[in-house]
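A.B. asks: Read off the chains here:
Number of protein chains: 2
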Amino acid sequence: MGNADYECPHRVAIPPSKPLFKALQSSFKETLFPDDPFRQFKNQPLAKKFMLGLQYFVPILEWAPRYTFEFFKADLIAGITIASLAVPQGISYANLANLPPILGLYSSFVPPLVYAMLGSSRDLAVGTVAVASLLISSLLGKEVSPYENPTLYLHLAFTATFFAGIFQASLGILRLGFIVDFLSHATILGFMGGAATVVCLQQLKGILGLIHFTHETDIVSVMRAVFGQKHQWRWESAVLGCCFLSFLLLTKYFSKRKPTFFWINAMAPLTSVILGSLLVFLTHAEKHGVQVIGHLKKGINPLSVSELAFGSPYLSSAIKTGIITGIIGLAEGVAVGRSFATFKNYHIDGNKEMIAFGMMNIAGSCTSCYLTAGPFSRTAVNFNAGCKTAVSNIVMATAVMITLLFLTPLFHYTPLVVLSSIIIAAMLGIIDYEAAIHLWNIDKFDFVVCMGAYTGVVFFSVEVGLVVAVTLSLLRVLLFVARPRTFALGNIPNSMAYRSIDQYPIANNVPGVLILQIDAPIYFANSNYLRERIQRWIYEEEEKLKSSGQTSLQYIILDLSAVGSIDTSGISMLEEVKKNSDSKGLKLVLANPRSEVIKKLDKSKFIESIGQEWIYLTVAEAVAACNFMLHSCKPNPAAVELQGRENMV
Amino acid sequence: MGNADYECPHRVAIPPSKPLFKALQSSFKETLFPDDPFRQFKNQPLAKKFMLGLQYFVPILEWAPRYTFEFFKADLIAGITIASLAVPQGISYANLANLPPILGLYSSFVPPLVYAMLGSSRDLAVGTVAVASLLISSLLGKEVSPYENPTLYLHLAFTATFFAGIFQASLGILRLGFIVDFLSHATILGFMGGAATVVCLQQLKGILGLIHFTHETDIVSVMRAVFGQKHQWRWESAVLGCCFLSFLLLTKYFSKRKPTFFWINAMAPLTSVILGSLLVFLTHAEKHGVQVIGHLKKGINPLSVSELAFGSPYLSSAIKTGIITGIIGLAEGVAVGRSFATFKNYHIDGNKEMIAFGMMNIAGSCTSCYLTAGPFSRTAVNFNAGCKTAVSNIVMATAVMITLLFLTPLFHYTPLVVLSSIIIAAMLGIIDYEAAIHLWNIDKFDFVVCMGAYTGVVFFSVEVGLVVAVTLSLLRVLLFVARPRTFALGNIPNSMAYRSIDQYPIANNVPGVLILQIDAPIYFANSNYLRERIQRWIYEEEEKLKSSGQTSLQYIILDLSAVGSIDTSGISMLEEVKKNSDSKGLKLVLANPRSEVIKKLDKSKFIESIGQEWIYLTVAEAVAACNFMLHSCKPNPAAVELQGRENMV
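Protein chains in written order, with UniProt numbering: chain X, 1 to 649; chain E, 1 to 649.
Where hints are given, some of them may not hold.
Identical copies carry no separate label here, and so any pair may be met within one copy or between two of them.
[Stated by the list, open to error] Only pairs whose alpha carbons sit at most 30 Å apart, straight line, appear in this in silico DSS-like list of lysine-lysine:
1. K320 with K579
2. K578 with K320
3. K205 with K49
4. K320 with K142
5. K578 with K42
6. K48 with K29
7. K605 with K258
8. K256 with K48
9. K544 with K48
10. K142 with K352
11. K287 with K256
12. K546 with K344
13. K584 with K29
14. K29 with K546
15. K599 with K298
16. K49 with K297
17. K352 with K544
18. K599 with K205
19. K546 with K584
20. K352 with K287
Don't read these hints as lab results, they were simulated from the structure.
Since this is a predicted model, take the numbers as computed values, not measurements.
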């Protein structure tokens, strides 16, 4: 009891350990219910609870009673605007997925209706998305050729959509939405950029009027396919494509400069389709190498429940496709919904959104739709058009329904090259190189993750890009824990604060005392590292003191403020550090161990071995105690112990 | 500039950002060279540098000049003791690996010599290990039957050993030794216990004298194989086995009670082998169902370089087996070496050890040895026998060499059942249930990891156990980052310290101010969670204040002391939190951002948006500033802003 004379001003509290069940319960709640969704249910009568529960799962019940005619006027305009975008985009993306074009229209009818009832975003416009379409064609296309066996391919696409829905809904119901968080912003940025690049490259087929094309999506294969059949290029198609692409890009540029004219940009795709169709119809260009959509069946979505291919030998690839497209759809959709909610300052519940996405895809897979999500472009148009609630989705669905019932024959002469131009124009907006530069400026590692995803997608495949980016992101987290920073602290003049000497060069060393701060939980992954690093700190400090002839080192204070947790390997590490410093005649002192840490140190008897009186609430108090011991006549208790031991030997 | 009147006592330093190359260099050094191995090379002449470098890679050059006769006497005794253990253990483990028994002796000859030159541990006794032997038989046995094609199996075992050596040495040379750290103590404990259980179960074959047995290692298959052929059980074998097992366990128990008689335990296996062989020789029990080793070739290790099967179609399984056994061997060996080094208070360099292990396995694979590592049992005997340096390994190797040259015929009549008893007796010591109970008491999660590894190995397979345990361990790290704890802080009476109210119930709330501490780096994996959780803190605090009629909430102080790092997703999260609190009329204040964090906040202009004057060095100073603002006549600047905005609307 070396410092019995020194009165410690504050004791470090060792909270009583909770009973196992309670501890489990509270950590379960913190992990899965951080937003405490049940808080509004507390102290309510049963009927009210039921009503609130229903409103929780079907948000339309919550906001419909407050719906006004003013809102409807705004939603009507927004809905018609996005419908004019949805029809050509739907056909284009279905084409990209190698599915019948009509599926793009079907997919803009049923899913938006389901989302309007269950979704919590007021701005999200539901529809098919380019990246998921590309993924379906590349993942399913590997197994079943869409040209040789279109029916099986179609059925597998429905099945994949079904499993995507099941997966999305289960994530939401099991409150595992945080899995989506592991796709960091940088990952999504790089992945989307890469996918958009790949999608643009794929459109060279349509623009150049090629008939045969590669199934691969990487840039090398695509370029080989394009330049390997130069003699097949159709100049008529290429000229048409360039004209429409320029038109679309010009309108986009114009709308960006003058946001009030957003509708020009929104209407441009439909205008292109109408102009293109008229042109083909009048010039009979379809007989001169310009491919057209051809016959589209009239009528709304036929049921497709019986077409879900649960018994197919390709079921596993359908499930895989469903899970990958489902998680990508969710990641984009939830991120889009969340950003627009932040604009308008309302709250979106990620888990609820996942259930809504899942239900709309399950319903979609039974009604001849393929995977839908919340595309950014359509949502941005919806937002700019002034939508107020999800009713704009209902308006869009109605407009699409009218198209399906009466207007499909009009698309017979629509040239595929126009659809390709529409896709390219939309995709060029997704390649957000400015955001990548921003990442480079702020966080180099995020930039590396982003570029990893991008190059993985462009040069290898969509899955490779995703795996590379997620692995890099996780590696960063693991590296943070595996190689925590340690800092030597010094006293900030005129204060009781002790801060890193690196960050605050004005901070003063305390003679004879080495204060170290550890910056991460002490886990198995870093305990060996920390032991070596602490030894090196001590060695370096001793060398420095020796060469400058100052007081020799007597105390090591470990500031555990930033150590959130410890495991058994970490405790062994501390025990070894204590043993090592004892053998060198140094006294180990702990400052500010947190409740998790002190509980475990107590249970493992480490506190007994170090002595409760050598654990302080703050670094300042630890330093004061050390100074008191250093300057009182008594020698350092650890040194005395050591001497005693040496005498015994 | 709300608090322009208030003079901030200390500024938070924003360290200048390092040039990219320098930053990369320093983080590279911290990651791969935390022990700064080059420090002794600094300011030395070239010749000295060369000598030091040679000593670094061949430690025997460093300690051999200081070797004394006293040391040799101790090492001689220890070496002979471990040799008497090495011979029967070597034969037993080779049997377990389904390899020719003579390989066990070969493996105790060359590798110990290599290790003695390159290794840095003074206590480690080199030899084959049970778990790696089991792994070889289960991983290679899946591909090639050791009974039907013993030559190919043997060659694959050499090849696997070669790749294990290459893998171990490269880990060391590339300084990637920290990969082994990801096998936490709990993982190894559970894994070793499970493997020992499985090994014991396998010995039922030898004990019961069964001829046919399953290739599976899981408990269900083994039990089915044992009880499925009850009529094949040989009572002679079983009786012999039980007798020897009791003898071995009794000597072990006795030696444990009286550590000075450690040699009784060490000699027991050899005694059993001699007694068993004599018994069989005298009673001709080999003709009554007791299987014996049979003919062992005389002579030292033949070369096996030409037998490395690089061209084999099974090369990939050999590589896989090599990597798995190599990493398991390393994990056990380095841990064993490290623990004994801690006892004797000297330092072991993990990366250097890996190179030594790798070289000894490469050399071994060329001289008819299979995988060797540092078995715990043999090392403990070595330590107890009073070894001083790695010379005890040289003594052991010499003794084994003499056995190989002259004594192999003596093992002709050694019954297999004695070998099984030796393995069981060794394995029972490895099942460390007390350590598992210790884990349960201190850290429940570590216990779960341990049991995951154990049940995975026992009920499924060795690989499943390993994968389960590593996944669980990594999941824990990820969960720590994905769900960081947040705490409300209060003032500890009579101090400037602010601590978690959970841990220190005496801590006092500051009226009108919510102080939150975040306990982990703010990364993509937790930024959504933190946003929700901070919102909930604010909501709950407001509810509490409303119901108690106190001052309404005006300030939120985020204590970033424990936030070691931030990425772009984290910065977006802070921006959203600021936006949300602005919209509620709350002012966001930061306390003690660390150098990594403040640099990025500065680059991303977040500091500009929050105002440099709202960032404080300590929580106490932030609280003082908030209190000054609250009690001066001026209203809260954020509230003023908000009012202004509302007036504008």
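A.B. asks: If the cutoff is 30 Å on CA atoms, where do K48 and K29 land: within, between, both or neither? Let me know, please.
C.D. replies: Within one copy, since 24 Å is at most 30 Å while 62 Å is not.
A.B. asks: 30 Å Cα cut-off: does K205 pair with K49 within a copy, between copies, both or neither?
C.D. replies: neither (57 Å within a copy, 64 Å between copies)
A.B. asks: Quick one: K352 to K287, C-alpha cut-off 30 Å, is that within a copy, between copies, both, or neither?
C.D. replies: Neither, since 51 Å and 75 Å both go past 30 Å.
A.B. asks: Evaluate K578 and K42 at a C-alpha cut-off of 30 Å and name the case that applies: within, between, both or neither.
C.D. replies: Classified as between: cross-chain Cα gap 29 Å, same-chain 50 Å, threshold 30 Å.
A.B. asks: Indicate which option fits the pair K544, K48 if close means a Cα-Cα distance not exceeding 30 Å: within, between, both or neither.
C.D. replies: Intra 71 Å, inter 23 Å, cutoff 30 Å: inter-copy only.
A.B. asks: Check K546 against K584 for me: Cα-Cα at most 30 Å, and say if that holds within a copy, between copies, both or neither.
C.D. replies: within (15 Å within a copy, 57 Å between copies)
A.B. asks: Using 30 Å as the alpha-carbon threshold, which applies to K584 and K29: within, between, both, or neither?
C.D. replies: Classified as between; 27 Å across copies, 46 Å inside a copy.
A.B. asks: Tell me, please, which holds for K352 and K544 at an alpha-carbon limit of 30 Å: within, between, both or neither?
C.D. replies: between (59 Å within a copy, 27 Å between copies)
A.B. asks: Using 30 Å as the alpha carbon limit, work out where K599 and K298 are close: within a copy, between copies, both or neither.
C.D. replies: neither (70 Å within a copy, 60 Å between copies)
A.B. asks: Evaluate K287 and K256 at a C-alpha cut-off of 30 Å and name the case that applies: within, between, both or neither.
C.D. replies: neither (38 Å within a copy, 95 Å between copies)
A.B. asks: Within a copy, between copies, both or neither: where do K599 and K205 come within 30 Å Cα-Cα?
C.D. replies: So K599 and K205 fail the 30 Å test inside a copy (65 Å) and across (47 Å) alike.
A.B. asks: With identical chains treated as interchangeable, where does the CA-CA distance between K320 and K579 reach 30 Å or less: within a copy, between copies, both, or neither?
C.D. replies: Result: close neither inside a copy nor across copies, 53 Å intra and 39 Å inter.
Of the hints listed earlier, those the structure fails to meet are numbers 1, 2, 3, 8, 10, 11, 15, 16, 18, 20, in rising order.
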